[in-house]
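Using the sequences and the hints given, assemble the complete structure.
Numbering (numbering that gives the first Met the number 0), first residue to last: 0 to 871.
Treat the hints as calculated values from the structure; they're not laboratory data. All residues carry an ideal CB built from backbone N, CA and C; glycine is no exception. Just to be clear, a hint being listed does not mean it is correct.
Below are the DSS-like pairs computed for lysine-lysine, each with C-alpha atoms no more than 25 Å apart in a straight line [claimed, not checked]: (1) 714 <-> 749; (2) 576 <-> 557; (3) 745 <-> 714.
What follows is a set of in silico ranges between Cβ atoms, one per label pair, in the way DEER data are often shown [to be verified]: (4) 46 <-> 312: 22 to 28 Å; (5) 492 <-> 536: 23 to 29 Å; (6) 397 <-> 611: 56 to 62 Å.
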Amino acid sequence: MKTDFQAILQPARHRLQQRQLDLHTRWHISKSHTLPFAHRKNIARLALNPRGNLLLTVDLDGHAILTNVPRRIVLYHFSLRGEVNALVFAPDGRHFAVGVGRKIEVWKTPTTPDVADGDLEFAPFVRHRIFTGHHDTITTLEWSKDSRFLISASRDITTRIWSMEEEEGFRPTTLSAHKQAVVGAWFSADQETIYTVSKDGALFVWKYMLRFDAPEGADENDDKNLAWGIAERFYFHQNNAHITCASFHPETKLLVTGFSHGVFFIHELPDFSEIQSLNISQNDIDYVTINKTGEWLAFGASKLGQLLVWEWQSESYILKQQAHHDVMNTIAYSPDGQRIITAADDGKIKVWDVNSGFCVVTFTEHMGAVTACEFAKRGNVLFTSSLDGSVRAWDLIRYRNFRTFTAPSKIQFTSLAVDPSGEVICAGSLDSFDIHIWSVQTGQLLDRLTGHEGPVMTLAFSPDGSTLISGSWDRTVRVWSIFARSQTSEPLQLQSDVTALAVRPDSKQLAVTTLDGQLTFWSIADAQQQSGVDARRDVSGGRKMTDRRTAANVAGTKAFDTVRYSADGSCVLAGGKSKYICLYAVETGVLLKKYTVSINLSLDGTQEFLNSKLLTEAGPRGEIDEDGENSDLEDRRDHSLPGAQRGAGARRTRQAVRVPAVAFSPTGRAFCAASTEGLLIYSLDQTFAFDPFDLDIDVTPATTLATLAEKAYLKALVMAFRLNERNLIRRVYEGIPPGDIPLVAKSLPKVYLGRLVRFVALQADESPHLEFNLLWIEALLSAHGRWMKDQRGQLEAELRAVEKSVKRIQSELARLADENIYRIEYLLAQPVRKEQGGLELDFSVKEVEGGDEEMGEGDSGEDGEGEWLGFE
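This is the structure in structure tokens:
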């Protein structure tokens, strides 16, 4: 009865485990990707076609790039020759409409080519129609559900209806009643109603009804007596705030509006009943969109770099991300290489997940710019220093600030170093030239090291923990023995101010960068220079908008601000106030690689040559303030504090491209860099998994089994995964010989690795082939262990299932051995009877002579006459 009961429960248990694995996989599959191409200016508009395979992006100059999203490759480049303010694909995907200034251009969507076969068109973009009639910039475009009509809204306070093709009895219609610029205009689901929203918070409902000047008793079915008119008017009444963005979902009749004071509203039309309102930001909400089912709302606030996805029915955040809205100063890799810490001038510390690309947690306790961060050796504690005069310790398990270190006087800390044991922390300051030392356990100030005559800008402990090395603007590097009886320091004299230093992992060499563009290597034991590199020409690159000379002749950018050793100590990585990251070989001093951080012309420091067209009598064209000429009063007003670049102020100058910090991954397979455009990760491993097997008519269960019979085991396994039939996968899986398991596991494409690990874990619970399943687990971990560790966030559910199965097998085998140990000893102690030549001989398993356990010669069973004794 017990067996029957277990047999009944076993399928339900496995279905439940499969459901849990699917939920875990779906939860961990959320990732962010960076497409491997870039525009020459900031991206102004983007649109995705209804199928989701084509992405059209347009920059500030009107240059468009069409991308194949699944394969992440560029298909075509095209110029729209003007500033684009609206971009939307038709519901049928055949056309897309672009608002270029006051014109509307409708283009045919290029067909998706086969890039592998070279099937590319010479002129894929074909313009279908041009609509003119607006007198000011177009703000939004929307298609009808059947892709026959197009509605446009403009700053000239009008809304116009256009027809894609010539329709009988249709003429372009203008809807004019708003007092300010129209923010959005949409068709209803039945296309019988039009909704328009203006900047001043007015919502008008338009219907096709009798004209106001129609005679009494006019026929309502006669088009001559009908016209578009306002059926209802609604107002939001948000005092001085104005609408900045709006979106409408025709199927659910939901209208979402975002305001300039950071509040959004959800209304149901046509009754205009308020469903929800929420304050999500202190600044303008610039963009809002609704997903296809109407369940999720996505908001974007450009000033603070916020991206929010809100599920309005459950009133919960699906995604909440915010970037640094100021310059990043320092970065650090966690010891396991799965997290990256960034700190910036906005006083925030962010923890980023390497695999998903999302921010895990943000610390905001610092009141000033954060200047340095460093991990303790175990990786659970993070230390940061700030210009607010404090050094803080963070617990990355509970995500809290558990210790704060301060100096007796109010000073600004600019550098930080943590003892490898995690017991002592040191910080250098901008005001006082001393190095402060605290105890991590007690939080008390232990000592102050004096000797520098300038601000201490960089600190580092040697990996063996024996010495502390400091660099200062007094043109010296000092080596301190702070744990010795006498805390002496050996100064190393340089030719210019020290900007950064790094210690080689073997604690024998020191790399120092100075303000004159020199990169020097010193022996720590001998306190002598071993070699040096003149890096001024390597780091120099890019000119600012105000420079009157080319990048090669510009002064002030020819020095590194950060330097780091690789994990093996053979290379150093350096970056500074330029668009380049340089990789040098330590032994030879040769420049191995030069990485270009950005080609964005919207930033200063990316252009190489002087362009006289951009210079006017009033100065560079980019520095001329054109905001005062805006037609809208709200756009002309400036509410920022004069001269302030942070907080309530506004930046008056363009940002310059630079690399304030770099860091190598502990695994040695990647490095990251903090730049003006964000956090960049360079990796040796390709994150995009390519699957070379297509599902076509030849991939069937019969051909899969035939392939297995031909001993093409890898191809048969991939074909079985393609068909996704569990019984077929199990037949192929069990049909692979044990000797070929390591080769098949090593050659398996990584796109199937997670599914195979999950399948093996389930088979370990179901099938009786214990050794066979353990061989698969061993082969997969041996061949792909490093990749699984790097992708731990994606494969967490699968690895937990494997661990659970292995532990269960281990415990059951141990229990079985414990239960049968005395029975096995009893059977081994019994004599074995065998007939030989008519004589009966007794052989004991244990021979007394010699004390060794030996079997009799008749125990081999080769003659077929002996009898084997079995045991349970």
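Hints and how they fare:
1. 714 <-> 749: 14 Å, holds
2. 576 <-> 557: 8 Å, holds
3. 745 <-> 714: 13 Å, holds
4. 46 <-> 312: 22 to 28 Å: 27 Å, holds
5. 492 <-> 536: 23 to 29 Å: 25 Å, holds
6. 397 <-> 611: 56 to 62 Å: 59 Å, holds
Consistency with the previously given hints is maintained throughout, with no hint failing.
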